[in-house]
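K.L.:
Heads up: the sequence lines are chains W and P, in that order. Mapping to this note's numbering: the first sequence position 246 is 246, numbers consecutive. Positions in the second sequence are counted from 1; adding 359 to them yields this note's numbering.
Keep in mind the hints are simulated off the structure, nothing from the lab. Where hints are given, some of them may not hold.
Claimed, not checked - With a Cα cut of at most 20 Å, we get these calculated DMTMM-like pairs of lysine to aspartate or glutamate:
| id | chain 1 | residue 1 | chain 2 | residue 2 |
| --- | --- | --- | --- | --- |
| 1 | W | K195 | P | E717 |
| 2 | W | K112 | W | D21 |
| 3 | P | K539 | P | D494 |
| 4 | W | K207 | P | E425 |
| 5 | W | K180 | P | D448 |
| 6 | P | K621 | P | E660 |
| 7 | P | K538 | W | D168 |
| 8 | P | K538 | W | E301 |
| 9 | P | K554 | P | D527 |
| 10 | W | K311 | W | E301 |
| 11 | P | K539 | W | E172 |
| 12 | W | K179 | P | D527 |
| 13 | P | K621 | P | D661 |
| 14 | W | K179 | P | D661 |
| 15 | P | K520 | P | E717 |
Unchecked claim - Covered stretches of chain W, as calculated for chain P (at least 3 residues, CB under 8 Å):
| id | segment |
| --- | --- |
| 16 | 181 to 189 |
| 17 | 229 to 238 |
Think of the CB as a built atom: it goes at the ideal place given N, C-alpha and C, for glycine as much as any other residue.
Protein chains: 2
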Amino acid sequence: MKTPFERLRNLIADLAHAKIDALLITSPANWYYLTGFTGESGALVVSRKGTSLITDGRFMVQGRAEASGVRILQQQGSLFESVGQCLKDSHSNRVGFDPSQVTVGQLQSLRKAAGPGVRWILALGKVESLRMRKDAAELAQMRQAAILAGELVQQAIRLLKPGIRELDVGAEIEYQMRKKGASGPAFATIVAFGKRAALPHARPTAKRLRKNELVVLDLGVILGHYCSDITRTVYLGRAPKHIRTWYQAVLEAQTAAIAAVKNGAACGDVDRAARQVLAGYRLDHLFVHSTGHGLGLEVHEDPRVARGQKKRLEPGNVITIEPGVYSAGIGGIRIEDDVAVHADHTEVLTRSPRDLIEI
Amino acid sequence: MKTPFERLRNLIADLAHAKIDALLITSPANWYYLTGFTGESGALVVSRKGTSLITDGRFMVQGRAEASGVRILQQQGSLFESVGQCLKDSHSNRVGFDPSQVTVGQLQSLRKAAGPGVRWILALGKVESLRMRKDAAELAQMRQAAILAGELVQQAIRLLKPGIRELDVGAEIEYQMRKKGASGPAFATIVAFGKRAALPHARPTAKRLRKNELVVLDLGVILGHYCSDITRTVYLGRAPKHIRTWYQAVLEAQTAAIAAVKNGAACGDVDRAARQVLAGYRLDHLFVHSTGHGLGLEVHEDPRVARGQKKRLEPGNVITIEPGVYSAGIGGIRIEDDVAVHADHTEVLTRSPRDLIEI
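Using the sequences and the hints given, assemble the complete structure.
P.N.:
So, in structure tokens, the structure goes:
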């Protein structure tokens, strides 16, 4: 298992390579990964000379307790003024920042406070690329999170009966996950009945379940800081022929995409494997999103499993595989599992039957 | 009640004044406020010539159903490339964007796609300043959200007994809020026992409650899209003298700050009212955060009720008042209510007793 200390050391080696004196970290997932700090506000400055966490009064006690070996500074005035001042004081010359995580306004404040001695270097996804390769301890944690998600989806399926509301099912899912030790849902739990299943990101409403409706359940937990994400689709009653055909198509597409997941495979090829199966059924125009996404400390992280993505899978990558079809009049069908890439095999982390369930 | 249409009209009038042809909106709360769209990804371009929502395949059905009178465009390639292209096609000249909401990378993509014909104008908080002044329908919704939060805190207090875990209480609170129609918590519910109450933003853990411990419960709901936020502190047992004194100090500080809330009062003066009371008890150094924050579609929005804030309160503003004291060895005490500013009076939206509860 890598310790935060080793992660910091790996990052610092990478910075030296890119001739960056100090790297600014503004994402909570990134600073947790590097230091163990779980506070919600702050910024981390990583450099060979040492690592500093700048945060506000609400998180000082927490910072000292969690982020050992890191200098903890309380911000004076605005966060980014304090960070700029800290960089100026440490005589950092070339400072890296992630343009996808720093706002235009934050960069203005930083420039002003740090003064002309600092050159600002674009440094995209430095920590994210380390986070993509999960170590054994991370994979063990993600396995548990995935298994819990599978248990919750099975429990939720047992609740489905005519008259129950989407929000009752959603409330029960999130209650049970907390009772089982999750710190919360990895994303807003999706429970969509009937035509509402046509919305890939439907939030639970007061809609009641009726006979002969589709049900899409898409949920994930955060357990020990790591996310899981699973989707199952159920039919209340005996599914008509076209629904069976659609379900079969999505299941085959998912199976093909999982089979395409391999050490060295390009993410775009995994996406294409799903899309080709749906095209064979002439349903590819109803597949309105990408095949999957990386999963870890965040529910959406690198790598993206989407059309044309050239990134090649490596051992330690964990991704979702979640093809679906959606039609405004009818509803939607999606099947999603979490998959880990190993050197010589692929591991499906979620464990829940994938066949069409009719109840 | 203002309709989204009127809000858009008010915003467009404001843009004309600032000589902005089109305003880019990238925050979900802002696009919901202006159009009713509840999707999680996209961008809105507001201009006199019409308003366009650019989103991806997952949200097209939802966009068409929710955002009436708005052109819905499906993004091609990345979101910000599509937005830039849309601005180029509409021959917009001066385009406003909020530097606190647009990343450096997004602005790079926008500039590239929109080409040299577009001038990018800093336009900070245009929609936020409209959102600060809640109308009657918004206040009615916020009253309901606040009352529900008060009920939940009372219910949670009844659960407190030796041996119960923080996470059991947290799970029950979030379950009950959903059963009562909330779409979810306004923020991660805080349940902190004993010394953990010294962390203003503690997340529930497996820690069990013991006799003679402080309990901080800080929760809020999202009900009909609007947030509430309430904190109560309880002592399990008969509180020792120093805890009673601290509680009394925080209660007096909160009472003084609520009394200072008035149409026309500066936010910094409201903050000072709380701080002065605590200083009288020599406890001001333990008050490690600001007195409050605006509340509405987001749980933290304008105005900020903090040291030195010059912004003057206006009718329709809704803010929290939440002084607290924290000490690493002992725990923490915080009391928080939600307050609406009217032309000639102040309304406390949360309804829950504020005296020290010993159980």
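K.L.:
Each hint needs a verdict: does it hold in this structure or not?
P.N.:
To see whether the hints hold, each was checked on the structure:
| no. | hint | result |
| --- | --- | --- |
| 1 | W/K195 <-> P/E717 | violated, 50 Å |
| 2 | W/K112 <-> W/D21 | holds, 19 Å |
| 3 | P/K539 <-> P/D494 | violated, 24 Å |
| 4 | W/K207 <-> P/E425 | holds, 17 Å |
| 5 | W/K180 <-> P/D448 | violated, 52 Å |
| 6 | P/K621 <-> P/E660 | holds, 19 Å |
| 7 | P/K538 <-> W/D168 | holds, 6 Å |
| 8 | P/K538 <-> W/E301 | violated, 32 Å |
| 9 | P/K554 <-> P/D527 | holds, 18 Å |
| 10 | W/K311 <-> W/E301 | holds, 13 Å |
| 11 | P/K539 <-> W/E172 | holds, 13 Å |
| 12 | W/K179 <-> P/D527 | holds, 6 Å |
| 13 | P/K621 <-> P/D661 | holds, 16 Å |
| 14 | W/K179 <-> P/D661 | violated, 35 Å |
| 15 | P/K520 <-> P/E717 | holds, 11 Å |
| 16 | 181 to 189 | holds (count 4) |
| 17 | 229 to 238 | violated (count 0) |
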